[in-house]
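Novice: Chain order of the listed sequences is A and B. For reference, each letter of the first sequence is one residue, going 1 to 536 in the UniProt record's numbering. For reference, each letter of the second sequence is one residue, going 1 to 536 in the UniProt record's numbering.
The reader is advised that the hints may include incorrect statements.
[Stated by the list, open to error] Label pairs and their in silico Cβ distance ranges: (1) B:ASN424 to A:GLN218: 30 to 38 Å; (2) B:MET1 to A:GLN218: 41 to 49 Å; (3) B:GLU149 to A:ARG101: 55 to 63 Å; (4) B:SER527 to A:GLU272: 48 to 56 Å; (5) A:GLN218 to B:SER527: 31 to 39 Å; (6) A:ARG101 to B:ASP416: 35 to 43 Å; (7) B:HIS181 to A:GLU481: 34 to 42 Å; (8) A:GLU466 to B:HIS181: 34 to 42 Å; (9) B:ARG50 to A:ASN117: 48 to 56 Å.
Calculated from the structure, these hints are not laboratory results. For each residue, glycine too, the CB sits at the ideal point set by N, CA and C.
There are 2 protein chains.
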Amino acid sequence: MRRWNGWGDETFNLALPKEGKGFLTERIGIGQPLADAALQDVCDKVPESRLPASSGSALGGLVDTSPEARVRHARGQSLADWLAMRSGEFGVFPDGVARPRSGQDVQTLLRFARENNVHLIPYGGGTSVAGHINPLAVDKPVLTVDMGEMNQLTDLDTESQIATFGAGTPGPLVESQLRAHGYTLGHFPQSFELSTIGGWVASRSSGQQSLRYGRIEQLFAGGRVETLLGTLNLPTIPASSAGPDIREVILGSEGRLGVITEVKVRVSRLPEQESFHVVFFPDWEQARAACQQLVQNRTQLSMLRLSNAVETETQLALAGHPRLIALLERYLSLRGASAAKCMMTFGLTGSRRQCKSALAEARQVCAEFGGVYTGTHLGAKWAEKRFTMPYLREALWELGYAVDTLETATDWDNVDNLLGLMENSLRHGLEDEGESVHVFTHLSHFYGQGCSIYTTYVFRVADTYEKTLSRWMSLKHSTSELIVANRGTISHQHGVGKDHAPYLPIEKGELGMLAIRSLCNTFDPDSLLNPGTLVD
Amino acid sequence: MRRWNGWGDETFNLALPKEGKGFLTERIGIGQPLADAALQDVCDKVPESRLPASSGSALGGLVDTSPEARVRHARGQSLADWLAMRSGEFGVFPDGVARPRSGQDVQTLLRFARENNVHLIPYGGGTSVAGHINPLAVDKPVLTVDMGEMNQLTDLDTESQIATFGAGTPGPLVESQLRAHGYTLGHFPQSFELSTIGGWVASRSSGQQSLRYGRIEQLFAGGRVETLLGTLNLPTIPASSAGPDIREVILGSEGRLGVITEVKVRVSRLPEQESFHVVFFPDWEQARAACQQLVQNRTQLSMLRLSNAVETETQLALAGHPRLIALLERYLSLRGASAAKCMMTFGLTGSRRQCKSALAEARQVCAEFGGVYTGTHLGAKWAEKRFTMPYLREALWELGYAVDTLETATDWDNVDNLLGLMENSLRHGLEDEGESVHVFTHLSHFYGQGCSIYTTYVFRVADTYEKTLSRWMSLKHSTSELIVANRGTISHQHGVGKDHAPYLPIEKGELGMLAIRSLCNTFDPDSLLNPGTLVD
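Using the sequences and the hints given, assemble the complete structure.
Specialist: And the structure:
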């Protein structure tokens with residue numbers, strides 16, 4: 001069963017090897033874990049639902065107002081959410097959880113919301129790390145609309161390679177239903193295990209193999225959105241010059257314009273081959289230049305990821321197997337990649353011929369920048385663990401450490417600058433408390449123009465939840481301000497939600513915000529749909 | 001100098017070989033050309049400008065109200081425009097032509113428009129085939145804003161591969177300024193010679209090598225739009241999940257939201273290699289399947305085009321060189337491609353290794369579908385003439401023929417159906433007048449999901465301009481209705497303008513139109529900017 005107060009399945013735990021613990025102790029000191037609240041205690045604190053008494057009959061059993069359902073839908077997966085769930089101090093709960101089984105059910109819910117002045121929050125996998133699905137403390141009832149019942153592949157057009165899914169279909173069900181027919185969507189965000197296809201569209205998600213398959217913007221072909229004004233149908237057309245693209249208005253709309261109920265996506269035949277390869281570079285400068293060269297050359301890779309020196313060191317330390325790692329490091333050192341070494345992982349996916357040609361091209365470019373190619377062994381390890389990283393938060397938590405990430409994207413001319421600013425801000429962010437922060441970064445999602453920067457930071461929890469939250473807020477806020485002040489997007493792949501909304505106006509500008517607001521006001525003049533998210 | 005009443009440069013003529021004339025006579029009969037009006041006669045008909053007397057001083061010499069300038073900016077390049085220009089019956093002229101040199105100048109013009117209730121029409125290369133830049137017959141003065149003075153590369157960031165251009169830069173100046181630094185944009189619409197980078201953005205243009213470089217949507221990285229509410233800055237960010245993408249609101253906005261003044265685009269280093277190859281297939285079915293396979297395989301091609309049997313026959317007939325063509329046809333016939341043969345052209349662009357691998361893959365796929373590979377000779381011919389096809393209208397006109405095209409895009413499962421409907425509608429569209437129409441089609445701009453359909457039709461001009469126009473209107477209208485009723489976009493690459501606006505609501509739906517209208521109303525509540533275009 002899904003964890004009510006953390007990531008993923010209760011039966012799965014990612015153990016941190018003892019070398020990992022030693023590594024962190026050395027960097028930021030010994031952690032002191034905080035005590036977790038119990039589910040029953042939290043359920044006991046859930047107040048009476050404020051939904052009108054008539055809602056049971058009006059909604060024909062669509063709505064669950066049980067405390068546990070409301071607890072389980074109150075928070076996402078941001079660190080602030082995590083602290084709320086672990087402490088049991090949720091603050092606000094939705095007044096009920098609806099589980100529609102059709103677009104018609106969603107229309108019923110929308111009508112109910114309009115007639116009863118109720119807020120609706122569309123809910124996919126609840127994996128938001130930016131506060132998308134958290135109810136606000138307002139004087140209106142809040143109904144969370146969990147799309148989980150709409151989780152089927154309803155059509156597959158193999159000619160046009162278009163698959164139609166219910167919006168609540170989570171990653172594994174997307175892939176397993178497609179694979180049965182020999183197809184894949186190829187969208188693999190780290191949240192894959194729990195996040196849903198509708199959530200990907202609503203929050204403009206990007207997957208680990210976006211280099212081949214594209215971001216969700218490229219995969220989303222059309223579908224259906226239920227709005228307060230009726231049904232918005234987005235026809236599938238391969239490309240069009242017929243005015244602004246309405247798909248692009250729905251992408252990133254985060255529940256503000258309506259509830260996405262049906263998603264049509266561009267799928268691909270399962271590839272002939274797929275493999276992941278690891279190369280180590282002597283230093284950051286050369287490693288980054290190799291990545292830039294590969295993507296600007298249009299070398300046909302399916303994924304690319306570059307860890308900086310601290311992330312490389314951390315990953316090797318946390319991997320366990322110290323003797324094997326020592327051997328590897330001796331070998332790399334002989335080939336010129338030692339203390340400052342940076343690890344690149346690249347993926348090849350496609351026909352045999354494509355993979356062969358791209359591998360030769362990639363190896364040649366890497367060699368030009370001093371890269372030491374180590375084959376597919378470490379790449380296979382990466383692929384094996386690609387979706388389990390979120391479980392690391394559990395393992396670290398139990399040792400008294402909090403971990404979070406910040407991510408952005410910027411142009412190549414600004415990557416090193418922004419990365420440096422972010423790491424510096426985080427690394428020194430708790431100095432006034434005398435606390436060290438362990439900070440490391442990788443680049444991923446590469447474009448000719450630039451790339452995303454994904455920075456992880458680990459710090460010790462304080463002696464109370466409140467102080468721990470304030471540590472996080474201070475790190476998050478100061479670094480987010482730096483990002484948007486320095487040509488970074490406030491989010492490359494996590495969306496805006498409520499947490500990033502304060503930083504959005506700097507990125508979009510006054511008139512950009514006006515455009516977004518005018519769409520929200522047109523489709524939802526009374527701000528019933530997920531208010532506070534995206535724009536306040 | 002540019003032709004005032006047709007396409008391109010006055011000194012360039014594309015001669016139709018005598019075989020071409022015979023071919024058309026055989027198909028649709030001998031043409032009887034109509035007489036052309038003279039420029040001076042048209043200028044004599046231009047009425048007094050209705051711009052307020054104060055405009056000369058208020059606009060500091062930005063505005064030209066001379067009859068010739070107003071004639072030269074009154075029409076685009078649709079067939080209706082062509083008939084108006086050739087007959088001299090323009091109907092409506094703009095009241096003046098402004099030539100801003102900066103964003104500030106454009107702001108001056110916008111202020112002037114607001115204060116004096118004047119309509120503004122942004123004007124790039126005037127190559128619209130959908131009535132984008134035609135002034136409406138309204139009781140307000142109309143000022144056309146010709147962006148031609150803003151035609152410089154103002155910045156080139158070679159790290160991020162971002163080039164900044166004035167919005168009025170035409171294709172050849174885009175490429176020549178980039179090539180001087182070793183870069184290319186790679187955007188080659190057929191209108192390349194005259195159309196501008198700002199016009200490409202405003203109308204969601206697509207170039208012949210979009211398979212490699214992407215549509216303008218993928219190339220447009222940001223820039224600046226002057227609106228009635230102030231300047232909209234679009235920052236360059238490689239990709240973002242921070243809410244709806246404002247770039248996508250400007251793309252296809254067709255002058256309704258503001259005047260695009262600065263365009264930042266994603267450029268590429270000049271490729272190591274480029275070549276174009278031609279393959280003939282025995283029939284349509286196999287040829288289409290080969291294209292579908294190539295694009296769904298992600299074979300790294302830079303362009304792909306497939307002519308149906310009638311287009312193949314027509315192109316070979318119009319090419320001249322009957323003896324060489326006869327030789328070629330004999331060879332093809334021996335290899336199985338005879339009467340129903342279809343010609344595919346594909347382009348390879350990139351590193352030597354990429355081109356080599358893609359060529360092997362492409363040849364293999366083509367062979368599987370019975371394709372006969374003929375090398376690069378015909379491909380080089382295509383490349384040589386790729387931008388001269390619009391001149392063909394001149395050559396046909398002088399023989400008494402009118403030629404026009406209709407284009408759309410649809411999903412693979414619908415390509416043959418829609419293509420058949422379009423060709424049928426056009427071919428029989430003038431039967432009640434006893435006139436034959438010569439109709440042929442190619443596919444281009446391929447996507448995993450589908451492709452664009454580009455249908456050309458040639459018919460004899462009637463004995464008056466009026467009747468000729470009514471022939472065209474009847475063909476255009478009935479086929480456009482068919483397109484949107486059968487899952488095609490009203491335009492894959494030409495935009496909406498005024499001509500396609502009536503068909504847009506079927507494609508976008510009521511709520512899609514509402515979204516577009518709400519943006520127009522927000523940015524231009526008094527409908528001063530290019531009214532009647534995109535939405536009425």
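Novice: Does each hint fit the structure? Answer for all of them.
Specialist: Now the hints, each set against the structure:
For the pair ASN424 of chain B and GLN218 of chain A, the beta carbons lie near 34 Å from each other, so the given range of 30 to 38 Å is met. In this structure, MET1 of chain B and GLN218 of chain A meet the distance hint of 41 to 49 Å, their C-beta atoms being roughly 43 Å apart. In this structure, GLU149 of chain B and ARG101 of chain A meet the distance hint of 55 to 63 Å, their C-beta atoms being roughly 60 Å apart. A C-beta distance of roughly 55 Å is found between SER527 of chain B and GLU272 of chain A, which places it inside the suggested range of 48 to 56 Å.
In this structure the supplied range 31 to 39 Å holds for GLN218 of chain A paired with SER527 of chain B, their Cβ-Cβ distance being about 34 Å. Range check, ARG101 of chain A to ASP416 of chain B: Cβ separation about 37 Å, and the 35 to 43 Å hint holds. The hinted window of 34 to 42 Å between HIS181 of chain B and GLU481 of chain A holds, with their beta carbons roughly 36 Å apart. In this structure, GLU466 of chain A and HIS181 of chain B break the distance hint of 34 to 42 Å, their C-beta atoms being roughly 56 Å apart.
Evaluation of the 48 to 56 Å hint for ARG50 of chain B and ASN117 of chain A yields a pass: the beta carbon distance comes to about 51 Å.
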